[in-house]
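A.B. asks: The residues making up each chain are set out below.
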Amino acid sequence: MLILASFVAFWAVRETFDPTAKLRASKQSAKAVAEMRKKLGLDDSIFVQWGRWFGRFVRGDLGTSSRSGDKVSTMMAAAFPNTLRLIVWGFLISAVIAVAIGVYSAVKQYSVFDYTFTGLSYLGIAMPPFWFALVAIQVLAITPKEIFGLDRAPLGFVGLGDGFFGSPSHLVLPVLTLTVQIIASWSRYQRAAMLDVLESDYVRTARAKGLPQRTVIRRHAFRNALIPLVTVMAIDAGALFGGLIITETIFSIPGMGRLFIDGLVAGDADVVVGWLMVSAVFIIGFNLLADILYGVLDPRIRLS
Amino acid sequence: MSEVVAEPAAEEADWSSATDSDLLEGVAPEARTQWQLFRRRFFRHKAAMFGLFMLLVLVVCCYGARWIAPDAKNAQDLLRTPEGPSWSHPFGIDQLGRDYLTEVLYAGQISLSIGLGVGALSAILGSIIGAVAGYFGSWRDVTLMRVTDFFLVVPQIAILAVALQFFGSSPLVIIVVLSGLFWMAIARVVRGQVLALKEKEFVEAARASGASDARIIIRTILPNLVGIISVATTIAMAGAIIAESTLSFLGFGVQRPDTSWGNMLSDARGLVGTDQSFLIYFPGLMLLAVVLSVNFIGDGLRDALDPQGQSG
Numbered sequence: 001m002l003i004l005a006s007f008v009a010f011w012a013v014r015e016t017f018d019p020t021a022k023l024r025a026s027k028q029s030a031k032a033v034a035e036m037r038k039k040l041g042l043d044d045s046i047f048v049q050w051g052r053w054f055g056r057f058v059r060g061d062l063g064t065s066s067r068s069g070d071k072v073s074t075m076m077a078a079a080f081p082n083t084l085r086l087i088v089w090g091f092l093i094s095a096v097i098a099v100a101i102g103v104y105s106a107v108k109q110y111s112v113f114d115y116t117f118t119g120l121s122y123l124g125i126a127m128p129p130f131w132f133a134l135v136a137i138q139v140l141a142i143t144p145k146e147i148f149g150l151d152r153a154p155l156g157f158v159g160l161g162d163g164f165f166g167s168p169s170h171l172v173l174p175v176l177t178l179t180v181q182i183i184a185s186w187s188r189y190q191r192a193a194m195l196d197v198l199e200s201d202y203v204r205t206a207r208a209k210g211l212p213q214r215t216v217i218r219r220h221a222f223r224n225a226l227i228p229l230v231t232v233m234a235i236d237a238g239a240l241f242g243g244l245i246i247t248e249t250i251f252s253i254p255g256m257g258r259l260f261i262d263g264l265v266a267g268d269a270d271v272v273v274g275w276l277m278v279s280a281v282f283i284i285g286f287n288l289l290a291d292i293l294y295g296v297l298d299p300r301i302r303l304s
Numbered sequence: 001m002s003e004v005v006a007e008p009a010a011e012e013a014d015w016s017s018a019t020d021s022d023l024l025e026g027v028a029p030e031a032r033t034q035w036q037l038f039r040r041r042f043f044r045h046k047a048a049m050f051g052l053f054m055l056l057v058l059v060v061c062c063y064g065a066r067w068i069a070p071d072a073k074n075a076q077d078l079l080r081t082p083e084g085p086s087w088s089h090p091f092g093i094d095q096l097g098r099d100y101l102t103e104v105l106y107a108g109q110i111s112l113s114i115g116l117g118v119g120a121l122s123a124i125l126g127s128i129i130g131a132v133a134g135y136f137g138s139w140r141d142v143t144l145m146r147v148t149d150f151f152l153v154v155p156q157i158a159i160l161a162v163a164l165q166f167f168g169s170s171p172l173v174i175i176v177v178l179s180g181l182f183w184m185a186i187a188r189v190v191r192g193q194v195l196a197l198k199e200k201e202f203v204e205a206a207r208a209s210g211a212s213d214a215r216i217i218i219r220t221i222l223p224n225l226v227g228i229i230s231v232a233t234t235i236a237m238a239g240a241i242i243a244e245s246t247l248s249f250l251g252f253g254v255q256r257p258d259t260s261w262g263n264m265l266s267d268a269r270g271l272v273g274t275d276q277s278f279l280i281y282f283p284g285l286m287l288l289a290v291v292l293s294v295n296f297i298g299d300g301l302r303d304a305l306d307p308q309g310q311s312g
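Protein chains in written order, with my numbering: chain A, 1 to 304; chain B, 1 to 312.
Chain A on its own, in the form it takes in the complex (with noise of 0.2 Å):
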C-alpha cells in the first residue's frame, strides 16, 4: 500500500516535470508554469524522490521490475512490437472503415445502409468490447470448427502469429475487439461531418457549376469532412491504450496492456509508472500528429 501511495503522488507531481509537460509547454507555457508552481509545494521527501526516478527516466532508464529483477524498459522492448502491430492496424483498419461507412452513410442519407450501420453503431457503441470479444471467440472461431469440423479454428484467439505483421488469421479477432467502439463512434462523426459539410455553401456551388456528383463529393466535400474526425481521432488515442489491456488479456497476447495489468496485480510500482509514462507520451505524441494533421488538411490553420 505504502509503495502505491507513493507512487500515486509521485506520478502526479511527476506529470508536471517530465517531457511531455515540455511538449505541452511548447503550446501552453503559461499553464504549464501555473501548474509547476503549484505542484511545488508539494512533499519535499516525495519531490526528491521523485527528483532521482526523473534522472534515470531522462537517461531512458525506467527503473527495474520488483517481481523479476529485469529492468523495466527491456520488459517494454520485449513487449512492444506486439502493441504496435495492434496499434497500426487497429488504428488503420478503424480510420479507413469508419471512414467509408460515415461518408457513405451521409452521401446515401437515409438509404437502407444509412440505417443498417446507424443501427450497428449503436450497438457498437453501447458494447462493452471485452464481452464482444468473448462472443466473437465463440461465434466466430468455435463454433465454425464444431460445425465444419476443422482442425483448428478458423480464426486465432491466442496470439498474434508470427512476423512482424502477425498472421492476418490471428489479427482479426484482436484487431476488431480493440476498434469495434472506435469504428462505431468515429462513423457516427463522420456521418455528421460530411452531412454538415454537403449542406455548405461552397458544396452547393460546386453542383450549381455543373460538376459531377463524383466530383464534388471527392473534391470539395470529402476533404473537407475529414478535419473534424481528426480531432476526435486525437481525443481517442486514450481509449485505444486503455483498449490494448482488455485485448490483450482477452487474447493472452505479451505486450505492453499485459505488462501493465501483470504489474498492478504484483503492486510492481515502477512497472506502473513506466507503464502510464510511456502511455502518456504516447498519447500526447498522437495529439500533436493530430496537430500537425490538421494543418495538412486545412491550410487556414497553418497560416493563423
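Careful: at least some of the hints might be erroneous.
Here are the computed lysine to any residue pairs in the SDA-like style, where the Cα-Cα straight-line distance is at most 25 Å [unchecked claim]:
{"#": "1", "chain 1": "B", "residue 1": "Lys198", "chain 2": "B", "residue 2": "Ser266"}
{"#": "2", "chain 1": "B", "residue 1": "Lys46", "chain 2": "A", "residue 2": "Lys145"}
{"#": "3", "chain 1": "A", "residue 1": "Lys145", "chain 2": "B", "residue 2": "Ser266"}
{"#": "4", "chain 1": "A", "residue 1": "Lys108", "chain 2": "B", "residue 2": "Arg256"}
{"#": "5", "chain 1": "B", "residue 1": "Lys46", "chain 2": "A", "residue 2": "Val112"}
{"#": "6", "chain 1": "A", "residue 1": "Lys145", "chain 2": "B", "residue 2": "Arg269"}
{"#": "7", "chain 1": "A", "residue 1": "Lys145", "chain 2": "B", "residue 2": "Gly92"}
Everything labelled a hint here was simulated from the structure, so no lab data went into it.
Take the given structure of chain A and dock chain B to it, following the hints.
C.D. replies: Below, chain B alone, put in the same frame as chain A:
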C-alpha cells in the same frame, strides 16, 4: 452596473449577444413554457421512450429480484447439472446448479446501482465545480482545465484500475472512484455554458437587483442548464456502467461475494468453447440493453433540447 453605462463598447457587445440568444434559444423569459415544450419533444421521441421503458423494466426486474427471480439468491443445487436455456430456467443453470436468471438479476442490482450512483454523484460534482469555475474564472477555472487535461493523457481504465487497487473495491468505493473521473466531462460542459450565460442580460439583471453570487448561480444560471447537464449525465452513466463491468472483468472492480455483470462475465470467461458457453451471453446482453437505453434517453434529451440539430 455603472460600468455598463460608462463603457458603450461593452453595452454594444451585450446587445449583439442578446440577438444571438433570441435566435438560438429564446429561453430566459418564459422558462416554464420552454420546459413544457422540452418535455413534449422528449416524450415524442420514439427511441428515447423505448430506452426509458427498457431501462425501467430492467430496474424494476433487478431491484424486484426478491419477488421476481425464480430462485432465492445464491441458491445452489449441486445435483442439477449445467444446462442451456429452457422454459423453467430461461437463462439456463450455471456450474454450481444456480438458476442463472436469478444470478443475473441480483448482479444487476449492483451494476445498476453503480451506474446510477456514478451518474448522480458526478452530475452533482460536475455541476458545482463547473459552475464555480465558469462563474468565478481566474485560478479556479485554470485549475479545473489543467486537472481535466491531465486526466486526458492517461487511459481511463488504467487510472481507475490503479485507484481501485489503492482504495479497495467495495461497490460504494467504486461509485466514488468512478465519479472521481466522470464528473470532469460534465464540469467542462457546465463551465462552457456558464461562461456564455453569465454575460447575458438576465444575469446582469439579477445582479443589478442585488442577488448574491450563490443565488445567481443556483437560481438564475443552473435552471437553464438542466437539459445539458442531464445529457452529459447519461453519457457519464453509460461510460460508468461499461467501465465498472470492464474493471470487474479484469478483477479490479466488484469482488466476490458481491456479483455484478462484469465479474459474472469474468467467471464465464473460461467457459468459452465449452458446452456451457451459453453463460457468456446473458450478463453481456443485459449490459448492452442498459447502456443502449441510457444512450437512447440521452439522444432524446439532446434532440428535445435542440430541435434544430436533429442528428439521428
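A.B. asks: Does each hint hold? Answer for all of them.
C.D. replies: Evaluation of the provided hints:
{"no.": "1", "hint": "B:Lys198 with B:Ser266", "result": "violated (48 Å)"}
{"no.": "2", "hint": "B:Lys46 with A:Lys145", "result": "violated (41 Å)"}
{"no.": "3", "hint": "A:Lys145 with B:Ser266", "result": "holds (24 Å)"}
{"no.": "4", "hint": "A:Lys108 with B:Arg256", "result": "violated (50 Å)"}
{"no.": "5", "hint": "B:Lys46 with A:Val112", "result": "holds (19 Å)"}
{"no.": "6", "hint": "A:Lys145 with B:Arg269", "result": "holds (19 Å)"}
{"no.": "7", "hint": "A:Lys145 with B:Gly92", "result": "holds (24 Å)"}
Checked against the numbered hints above, the structure violates hints 1, 2, 4; every other hint is satisfied.
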